[in-house]
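J.: Single-letter residue listing:
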Amino acid sequence: MNFEEILGHHLLDHRYFSLFSVGGFTLAVSKHSVTLWAVSAILVLVLSLAARARSGGGLMLRTGVEVMALFVRDKIVAPVFGHDADAFLPYFLTLFFFILGCNLWGMLPGAAAVTGNIWVTAALAACTFLLINLAGVRKHGIFSHLANFVPGGLPKVLVPLIFVIEILGLCAKCVALCIRLFANIFSGHIVSLAFLCMIFVFAQFGKGLALFGVAPFAVGLALFVGALDLLVALIQAYIFTLLTAVFVGMAVHTH
Amino acid sequence: MDKLLAPDPGLMFWTLVTFGILVLLLKRFAWGPLLSAISERERRLKADVDAARAARDEAQRIKDELSAQFAAIESRRQEVLARAARDGEEVLGQFKIEAEKQSRDLRDKTLAELGREKERLVRELRREVADLSVQAAEKLLRRSVDPAVEKQILDEFLKDLERRGSG
Numbered sequence: 001m002n003f004e005e006i007l008g009h010h011l012l013d014h015r016y017f018s019l020f021s022v023g024g025f026t027l028a029v030s031k032h033s034v035t036l037w038a039v040s041a042i043l044v045l046v047l048s049l050a051a052r053a054r055s056g057g058g059l060m061l062r063t064g065v066e067v068m069a070l071f072v073r074d075k076i077v078a079p080v081f082g083h084d085a086d087a088f089l090p091y092f093l094t095l096f097f098f099i100l101g102c103n104l105w106g107m108l109p110g111a112a113a114v115t116g117n118i119w120v121t122a123a124l125a126a127c128t129f130l131l132i133n134l135a136g137v138r139k140h141g142i143f144s145h146l147a148n149f150v151p152g153g154l155p156k157v158l159v160p161l162i163f164v165i166e167i168l169g170l171c172a173k174c175v176a177l178c179i180r181l182f183a184n185i186f187s188g189h190i191v192s193l194a195f196l197c198m199i200f201v202f203a204q205f206g207k208g209l210a211l212f213g214v215a216p217f218a219v220g221l222a223l224f225v226g227a228l229d230l231l232v233a234l235i236q237a238y239i240f241t242l243l244t245a246v247f248v249g250m251a252v253h254t255h
Numbered sequence: 001m002d003k004l005l006a007p008d009p010g011l012m013f014w015t016l017v018t019f020g021i022l023v024l025l026l027k028r029f030a031w032g033p034l035l036s037a038i039s040e041r042e043r044r045l046k047a048d049v050d051a052a053r054a055a056r057d058e059a060q061r062i063k064d065e066l067s068a069q070f071a072a073i074e075s076r077r078q079e080v081l082a083r084a085a086r087d088g089e090e091v092l093g094q095f096k097i098e099a100e101k102q103s104r105d106l107r108d109k110t111l112a113e114l115g116r117e118k119e120r121l122v123r124e125l126r127r128e129v130a131d132l133s134v135q136a137a138e139k140l141l142r143r144s145v146d147p148a149v150e151k152q153i154l155d156e157f158l159k160d161l162e163r164r165g166s167g
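Chains as they are written, first to last, in my numbering: chain E, 1 to 255; chain S, 1 to 167.
Zero decoy hints are in this set.
Each computed BS3-like pair below joins lysine-lysine, with the alpha-carbon atoms no more than 30 Å apart:
1. S/LYS27 with E/LYS139
2. S/LYS27 with E/LYS75
3. E/LYS173 with S/LYS27
4. S/LYS3 with E/LYS173
5. E/LYS31 with S/LYS3
6. S/LYS139 with S/LYS159
7. S/LYS27 with E/LYS31
8. S/LYS139 with S/LYS151
9. S/LYS96 with S/LYS109
10. E/LYS75 with S/LYS46
11. E/LYS75 with E/LYS139
12. E/LYS156 with E/LYS173
These aren't lab readings, by the way, just hints derived from the structure by calculation.
Chain S on its own, in the form it takes in the complex (with noise of 0.2 Å):
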């Protein structure tokens, strides 16, 4: 065991050519290859984060978009149908306010004829009565009547015509 620590300056030189060798032929044959490809898989992956990333992005814009076209739009319905019912009042009024008008006009009218074929019921009843009277007095002038007798039956006429035109 005396060799153990034996100075080796031949051992010395061969591993030091030997690893010197060593690391130019795996740098030129093993780690040159293996780190371009480790390189590039990464650049790789790096871009496909990236487009992935980007692409997150890009859908969460779109959604938001989406979200605030979505709140205009109901925003707007909400305001559409407010102003329909308002509208729908507004002219559920009117035509009420128009029935009102239109009932009332068609009550007066109706009223204003009743009152005119009244009058014109009591012109024609007048008017009849006028000719019955004449008749009447034709009848009495025709047969000799006792002048008390007749003078009671125009009385009696006359004052029915009267209770009449009052009535």
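Next up, chain E with everything else stripped away, as it sits in the complex (with noise of 0.2 Å):
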């Protein structure tokens, strides 16, 4: 049994086809591109009939979504933006449920976890990137917004090597922000395959051993981490979110 190949199946993305490649770009078909296209269309299925349902179970689940997304709006977005809250509620609705809806998916067996590929959460790091500059820009224009990141009362021989080091100050909260999501989810999957995993490592002692030995404590193990991974796939939602609006909110409200 080789543990690095049975993680590598489980967390890597796979590629299915190429469509094109340029240099070293190549935009491809994979695993994990498609779990992304999956996870969307469900979204847009469950939370389109949610929004509509009048009674029955729709109606439920129109409840429950209306239960997270009031909790966005009234514990996220609106203390952040205030009045400006309206125009910024859609993005970071869908950030946070498609996040959540990463994370869960990911938690299905055979499943990929997406939000565990670094290369997806930078993306949503990115788009956070984007939405500072561009709701700075908008909100006070682009030459009062390069000129937010430098605090007042600087001498102006300094002002240029602060302002390279709150640029990359910006970068490294993204860069953070994409990690954290990234090595969370990444690292709870991992945990719960090693435990696992034990099962196998020690059937070669013994398959008596393995069975009655140590599965009962490895799958035990294994549901315990994976009903921690359940509270980190909505603690770490929550905090990309809540991270993002902060950091969109200091671009827009500078004092």
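Take each chain as given, in its own frame, and dock them per the hints.
T.: Below, the structure written as structure tokens:
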């Protein structure tokens, strides 16, 4: 048994076929890209139905969606943006439900955890970086937005240096967003797989030992980690959305 | 596991495109209807709460007004009762004075009438006595009586008459 192969099979992306390749850029249909589309399609379907539901099970679904949407609005977006909240709300609701959907999808047996892929989280962090700057430019204009990176009252000699540092700081915030989500989801899956692989490791010393000695503990621990992953899925969706809102809010409301 | 951090700009592209389209689709088909329904419900709830608050304020105002009216009525009732008691005592005093005056007048009138009646009786008695005297004199004149006896009778009569008159 090769643990590295198991991890690679479950956690890494696998290309089905390439659409085209130019230089180092290859656009391919892969396990993770298909997962992204599947999660997106399910979200569009489920949330659209929930938004239009008037009775029965649809109403229960709608109530659940509303609870989460109101949580995002009242606890994340409204405190940061105030009267501007309505303009940003669709983006942050989509971000929260997309990350939550991907995290939960990744917990299904055999499904790919796309938020455990650093390039997916990097793309989401890039969206945050873009939104921070677009919102800042839209609110203050491009020159005021760039000027807002530098705190007031600095000696002019330091302004270029501080400007570069602040730009790097902004990039670091986005990179931290990317790594935080990736690391949490990826590590959760590694730990679950590691516990389950213990059964097969000990099976090499004796099937009885693995089946009756190790398997109950390993499955129990994997279930425990799975429950933790469920919590982590919710918390990471919340944290990514909250931090994005805070960063964008800092660009919009500079004081 | 070398592929874990290997650059994959193609997946980044798909993520950006997918997420961008998802934002637009959900904004159009999910968040738009959902948020407008939530806003409408919150507006309705706010209107209901405002209406309930206004109704409560109106009820409070009516209650205060009624309390003030009750207080005024109670005050007026106390005033009327006090005035009635005062008037009653005044009327009672007047009745008492009137009754005393009437009883005094009645007594005076009765005494006056008694005096007049007494005088009338005295007069009648005197007249009766005079008549009797005249009759006695006539009898004396018709009978030849001893002058001493006659004189004695007359004296006794007159004495008796005077005694009666003084009594």
